[in-house]
Amino acid sequence: MAVMKFLRDKRTRRDLLTYALVIAVFAVVYVMQANHMIPRMIAGQLVPICAYVVMALSLNLVVGVAGDLSLGHAGFMSVGAYTGIVAAMGLSEVIPDDGLRLIVAMAVGAASAALAGFLVGIPVLRLSGDYLAIVTLAFGEIIKEIVTCLIVGVDERGLHVLFNLTGSLSVSDLNLAEGGIAIIKGAQGASGVSVISTFAAGFLLVMVTLVVVLNLVRSRTGRAIMAVRDNRIAAESVGISTTRYRMIAFVVSAALAGAAGALFGNGFSQLSATKFDFNTSILILVFVVLGGLGNMRGSMVAAIALTILPEALRQFSDYRMLVYAVVLILVMIISNNDTLKSAAHRVASRFASRRKEVGADA
Amino acid sequence: MSVFLQYLANGLTMGSVYAIIALGYTMVYGIAKMLNFAHGDVIMIGAYISFCVTSYLELPAIVSVLAAVAVCTALGILIEGLAYKPLRQAGPLAVLITAIGVSYFLQNAAQLIWGATPKNFTSIVSFPVPEGLRAYNVSAVGIVTVVACLVIMAGLMWFTGRTKMGKAMRACSEDKAAAQLMGINVNRTISMTFAIGSALAAIAGVLLCSYSPVLQPTTGSMPGIKAFTAAVFGGIGSIPGAFVGGILLGIIEAMAQAYISTSLANSIVFGVLIVVLLVKPAGLFGKYVPEKV
Amino acid sequence: MSYQNAFNPVLDRRSIIAGVAGLGAAGILAGCSGAGASGDSGAAAFKIGSMGPLTGPAASYGTSVTGGAELGCKDFSTDELPLVFKAEDDVADGEKAVNAFNSLADWGMQALVGPTTTGCSLAVAQEAESAHLFMITPSATAPDVTDGKTVVFRACYNDPAIGVHSAEWLAKNFPDEKIATFHNAGDTYSAGVHDAFLQKSEELKLDIVDKETFKDDSATSFTNQLTKAKSAGATLIFAPIYYTPASVMLTNAHDMGYDVKVMGCDGMDGILGVEGFDAALAEGLYLMTPFSADDPKNASFVSAYKEAYGELPDQFAADAYDSVHAIALALAEAGLSPDADPAEVADALPEAMTKVKVEGLTGTLTWNDRGEVEKETTVYVIQDGKYVLA
Numbered sequence: 148m149a150v151m152k153f154l155r156d157k158r159t160r161r162d163l164l165t166y167a168l169v170i171a172v173f174a175v176v177y178v179m180q181a182n183h184m185i186p187r188m189i190a191g192q193l194v195p196i197c198a199y200v201v202m203a204l205s206l207n208l209v210v211g212v213a214g215d216l217s218l219g220h221a222g223f224m225s226v227g228a229y230t231g232i233v234a235a236m237g238l239s240e241v242i243p244d245d246g247l248r249l250i251v252a253m254a255v256g257a258a259s260a261a262l263a264g265f266l267v268g269i270p271v272l273r274l275s276g277d278y279l280a281i282v283t284l285a286f287g288e289i290i291k292e293i294v295t296c297l298i299v300g301v302d303e304r305g306l307h308v309l310f311n312l313t314g315s316l317s318v319s320d321l322n323l324a325e326g327g328i329a330i331i332k333g334a335q336g337a338s339g340v341s342v343i344s345t346f347a348a349g350f351l352l353v354m355v356t357l358v359v360v361l362n363l364v365r366s367r368t369g370r371a372i373m374a375v376r377d378n379r380i381a382a383e384s385v386g387i388s389t390t391r392y393r394m395i396a397f398v399v400s401a402a403l404a405g406a407a408g409a410l411f412g413n414g415f416s417q418l419s420a421t422k423f424d425f426n427t428s429i430l431i432l433v434f435v436v437l438g439g440l441g442n443m444r445g446s447m448v449a450a451i452a453l454t455i456l457p458e459a460l461r462q463f464s465d466y467r468m469l470v471y472a473v474v475l476i477l478v479m480i481i482s483n484n485d486t487l488k489s490a491a492h493r494v495a496s497r498f499a500s501r502r503k504e505v506g507a508d509a
Numbered sequence: 155m156s157v158f159l160q161y162l163a164n165g166l167t168m169g170s171v172y173a174i175i176a177l178g179y180t181m182v183y184g185i186a187k188m189l190n191f192a193h194g195d196v197i198m199i200g201a202y203i204s205f206c207v208t209s210y211l212e213l214p215a216i217v218s219v220l221a222a223v224a225v226c227t228a229l230g231i232l233i234e235g236l237a238y239k240p241l242r243q244a245g246p247l248a249v250l251i252t253a254i255g256v257s258y259f260l261q262n263a264a265q266l267i268w269g270a271t272p273k274n275f276t277s278i279v280s281f282p283v284p285e286g287l288r289a290y291n292v293s294a295v296g297i298v299t300v301v302a303c304l305v306i307m308a309g310l311m312w313f314t315g316r317t318k319m320g321k322a323m324r325a326c327s328e329d330k331a332a333a334q335l336m337g338i339n340v341n342r343t344i345s346m347t348f349a350i351g352s353a354l355a356a357i358a359g360v361l362l363c364s365y366s367p368v369l370q371p372t373t374g375s376m377p378g379i380k381a382f383t384a385a386v387f388g389g390i391g392s393i394p395g396a397f398v399g400g401i402l403l404g405i406i407e408a409m410a411q412a413y414i415s416t417s418l419a420n421s422i423v424f425g426v427l428i429v430v431l432l433v434k435p436a437g438l439f440g441k442y443v444p445e446k447v
Numbered sequence: 016m017s018y019q020n021a022f023n024p025v026l027d028r029r030s031i032i033a034g035v036a037g038l039g040a041a042g043i044l045a046g047c048s049g050a051g052a053s054g055d056s057g058a059a060a061f062k063i064g065s066m067g068p069l070t071g072p073a074a075s076y077g078t079s080v081t082g083g084a085e086l087g088c089k090d091f092s093t094d095e096l097p098l099v100f101k102a103e104d105d106v107a108d109g110e111k112a113v114n115a116f117n118s119l120a121d122w123g124m125q126a127l128v129g130p131t132t133t134g135c136s137l138a139v140a141q142e143a144e145s146a147h148l149f150m151i152t153p154s155a156t157a158p159d160v161t162d163g164k165t166v167v168f169r170a171c172y173n174d175p176a177i178g179v180h181s182a183e184w185l186a187k188n189f190p191d192e193k194i195a196t197f198h199n200a201g202d203t204y205s206a207g208v209h210d211a212f213l214q215k216s217e218e219l220k221l222d223i224v225d226k227e228t229f230k231d232d233s234a235t236s237f238t239n240q241l242t243k244a245k246s247a248g249a250t251l252i253f254a255p256i257y258y259t260p261a262s263v264m265l266t267n268a269h270d271m272g273y274d275v276k277v278m279g280c281d282g283m284d285g286i287l288g289v290e291g292f293d294a295a296l297a298e299g300l301y302l303m304t305p306f307s308a309d310d311p312k313n314a315s316f317v318s319a320y321k322e323a324y325g326e327l328p329d330q331f332a333a334d335a336y337d338s339v340h341a342i343a344l345a346l347a348e349a350g351l352s353p354d355a356d357p358a359e360v361a362d363a364l365p366e367a368m369t370k371v372k373v374e375g376l377t378g379t380l381t382w383n384d385r386g387e388v389e390k391e392t393t394v395y396v397i398q399d400g401k402y403v404l405a
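Chains as they are written, first to last, in the working numbering: chain E, 148 to 509; chain U, 155 to 447; chain S, 16 to 405.
By construction, these hints were calculated from the structure, which means they are not laboratory data. All figures in this text were calculated on a predicted structure; none of them were measured in a lab. Every residue, glycine too, gets a C-beta built ideally from N, C-alpha and C. Every clue listed holds true.
Covered stretches of chain U (chain S as the covering partner; in silico rule of three or more C-beta atoms under 8 Å from a C-beta of chain S):
(1) 288–294
(2) 417–428
Derived BS3-like pairs: lysine-lysine, alpha-carbon spacing no greater than 25 Å straight-line:
(3) E/K488 x U/K187
(4) S/K321 x S/K401
(5) S/K370 x S/K164
(6) S/K390 x S/K187
(7) S/K401 x S/K276
(8) U/K239 x E/K488
(9) U/K330 x U/K318
(10) S/K187 x S/K401
(11) E/K488 x U/K330
Cβ pair distances, simulated, as ranges:
(12) E/H492 x U/K239: 17 to 25 Å
(13) U/V433 x E/S366: 33 to 41 Å
(14) E/A258 x U/A289: 49 to 57 Å
Work out the full structure: start from the sequences and follow the hints.
Written as structure tokens, this is what we have:
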């Protein structure tokens with residue numbers, strides 16, 4: 148049984164259990180979907196849910212593992228979404244197979260978001276704390292505005308890109324040849340996108356993300372990143388380059404967000420640039436915080452629950468966001484207030500001890 | 155040149171509004187050390203109160219401002235007591251998410267109470283402006299806003315520098331534990347800070363909507379974020395910093411819209427913020443505190 | 016600073032479970048107390064769904080569309096063909112719109128009157144086409160919404176038509192004015208009309224002296240843009256924008272002392288209903304819109320709408336009402352029963368739609384086989400707070 152020795156490690160067991168749970172959930176949902184047992188409302192959300200799960204996992208890498216509060220994560224999703232859409236639409240002739248094209252689109256989205264993450268990271272990672280938060284927020288908004296100025300089209304001569312600085316240019320200024328298509332129309336976003344994202348592809352991306360994130364966290368690099376989080380000065384004094392390790396976490400996170408963006412963008416026939424605003428960044432941060440910092444399984448559960456719940460509460464219409472706000476505040480207070488927390492623990496431990504007594508009797 | 159001065163007048167007016175909001179932000183941050191994302195929504199509530207008093211009760215403008223200030227002050231104390239006080243010992247992220255929760259709550263509550271349909275806010279100030287000034291886009295609201303902003307800043311400087319309560323606030327912002335040992339009631343001081351910040355938000359709300367008349371539940375969000383940027387820009391926690399940051403931000407925004415691009419105006423504002431933070435990591439007037447072991 | 020230390024996980028597993036359970040409990044509560052949508056009667060009735068932003072900054076447009084459609088379902092419901100109605104909120108967001116569409120499809124919707132905004136309609140039209148479910152949008156103007164789709168119709172003009180008609184009207188009535196255009200670069204409708212208008216006005220040799228834009232997150236003050244237009248010498252502003260920003264623009268222009276003619280399109284209809292807006296500022300405003308609440312022939316609709324929702328209906332509501340009207344006529348034309356399968360409806364309605372003629376609130380409406388409506392254009396001018404034919 149020497150081969151199975153690695154199973155004795157508690158962390159490895161936990162990671163494997165995480166993979167197993169994700170695969171099991173996917174298998175169950177996939178079979179149910181194939182048999183039309185899932186209402187359309189949920190079925191239509193499967194792709195966005197996968198994208199949000201990846202977003203939450205990747206943001207958890209920056210916020211939970213590296214300890215840098217980022218309020219602009221949606222910006223990288225946006226970069227990935229638009230480059231992914233352009234790649235998918237532009238290559239529709241070259242790669243006719245939808246699945247393959249989606250994978251290429253996600254790779255392109257990841258690469259461009261990684262580049263954006265690196266460029267943003269250079270100035271941003273010189274700061275920390277609230278300043279870092281506000282600068283990432285600023286970058287998120289800047290990325291959003293730059294995307295709203297882009298006009299992109301493709302025809303047989305290749306890709307045409309215009310930067311609409313004054314707002315007076317339009318698609319006709321691209322001078323597309325006959326049969327060319329406009330992909331991104333400035334602030335109106337992308338429209339006429341052929342929907343190629345599937346639940347299976349989403350699952351694949353979630354698995355890849357999990358493998359990347361969990362292995363990174365358990366690696367030497369991951370330990371260095373956490374050391375920087377826990378005590379920057381101590382980490383520096385033992386020769387760990389703080390900027391380098393924070394940058395690794397930031398860029399990997401941006402790349403995964405880019406891939407999630409490409410998955411999301413190719414899942415809808417229309418996508419406006421304002422989709423990836425500050426509120427979306429906050430939404431993802433809420434997934435991470437509610438799921439628990441550094442807790443990848445928690446991030447996934449929170450992303451799934453908080454994406455489905457507002458939709459499931461539709462009949463509640465006007466009040467649902469109010470309830471969402473109240474619950475958010477209450478959960479934060481209850482889980483962070485020492486008095487309430489110890490009260491909860493007392494109740495819990497009383498139950499636990501009673502159970503133990505029962506166990507002893509039997 | 156005359157067109158340039160017109161843009162400058164526009165920028166100065168909007169900048170003064172940002173400055174008033176930023177002053178509130180900076181007070182709260184200086185003491186509670188938290189990003190109060192709900193501040194922008196208190197502005198919106200203040201504007202709605204003023205709107206209701208003038209439009210439905212048909213009372214004079216000054217009454218509406220007082221009512222807005224009273225309601226927002228109470229609201230500020232209430233929010234602090236219910237949502238933030240239980241989190242005094244918690245990490246900053248929990249407080250941040252709670253603040254965002256409060257912001258969502260206020261926006262959605264406003265929508266339930268006043269409806270989602272935007273209202274057109276009638277300016278609360280109107281007096282004839284001399285023709286010579288009017289040619290440069292100087293409006294009655296503009297004059298009142300700039301004056302109000304200066305008065306508020308001077309008042310706050312005096313308050314934090316000279317009064318007992320103000321000194322207690324400064325003590326709390328330096329070191330809460332030490333302040334407590336010196337007999338300062340920290341909880342009351344923080345409550346008081348929220349009250350002042352929210353009262354300023356109410357005034358800012360009325361002036362903001364007098365200048366740009368759309369009033370809807372999301373009215374406060376963007377000005378809130380921009381004013382926060384202004385506060386960081388000037389050095390968060392610093393009163394003159396918030397004032398200078400706000401004014402500069404308004405002028406940069408107006409000039410960017412006028413001479414570069416309307417579409418990228420926000421980006422330019424945020425870009426300048428990033429450059430400032432890189433050169434002076436604590437903002438223009440902020441105090442840089444090096445990290446110690 | 017101890018920021019980093021404070022980042023230690025604040026939540027343990029128990030509190031996550033507590034939190035999720037809390038959210039779940041809220042959901043159950045919500046489910047119990049939430050009022051059901053209007054008319055979920057057991058008997059076979061034709062199910063019409065509608066959607067638009069009912070919350071958020073664009074909510075006023077969505078409430079108009081769903082209000083108009085709901086009223087239409089009441090008025091055109093007959094014993095042979097009872098109509099039931101359900102509206103969903105899409106927050107003017109493509110992703111939420113697709114969710115709303117799926118939720119309505121789960122309810123058993125047989126035809127959709129919506130979505131309200133163009134962006135959502137683009138996303139939903141694709142879903143409707145692949146689900147083979149008939150939809151008619153009362154207010155989405157982008158040509159792409161109906162392009163290449165068999166089951167997607169439209170009850171309003173599309174962008175190019177509005178832009179072209181506006182340019183032609185200006186060339187005929189105000190050939191000598193110096194024109195500034197003002198549009199929302201972040202809005203598909205506004206940008207679409209603007210582009211078409213520019214193309215046509217080049218052809219017609221209109222004197223365009225300035226082009227100004229804004230975006231939704233800066234739609235609170237237009238003083239800088241107006242200053243530019245004024246210094247460029249513009250005497251007329253063509254503004255294909257919605258009525259909320261239009262009310263800001265008119266207020267700003269007044270405050271600046273900038274006396275300028277303004278022409279808007281159908282999206283500006285509703286400006287007189289903006290609460291707190293000084294209607295005197297809208298005097299002399301030109302509007303190209305198919306609907307006038309002051310027209311005596313629309314009086315009964317206007318009073319019914321006012322009674323039901325407490326405000327004056329605008330063209331969004333009127334177009335939605337006409338859309339339901341068209342569906343009711345087309346259902347009768349195709350001889351469909353109320354319990355027809357949605358796919359059956361989608362098979363038969365497109366053909367039937369091209370045969371019906373609706374004498375509606377927004378004129379006489381007929382449809383071609385591409386799903387586009389044909390109706391006359393009218394330009395109104397506001398005089399003494401009333402729409403008068405210009």
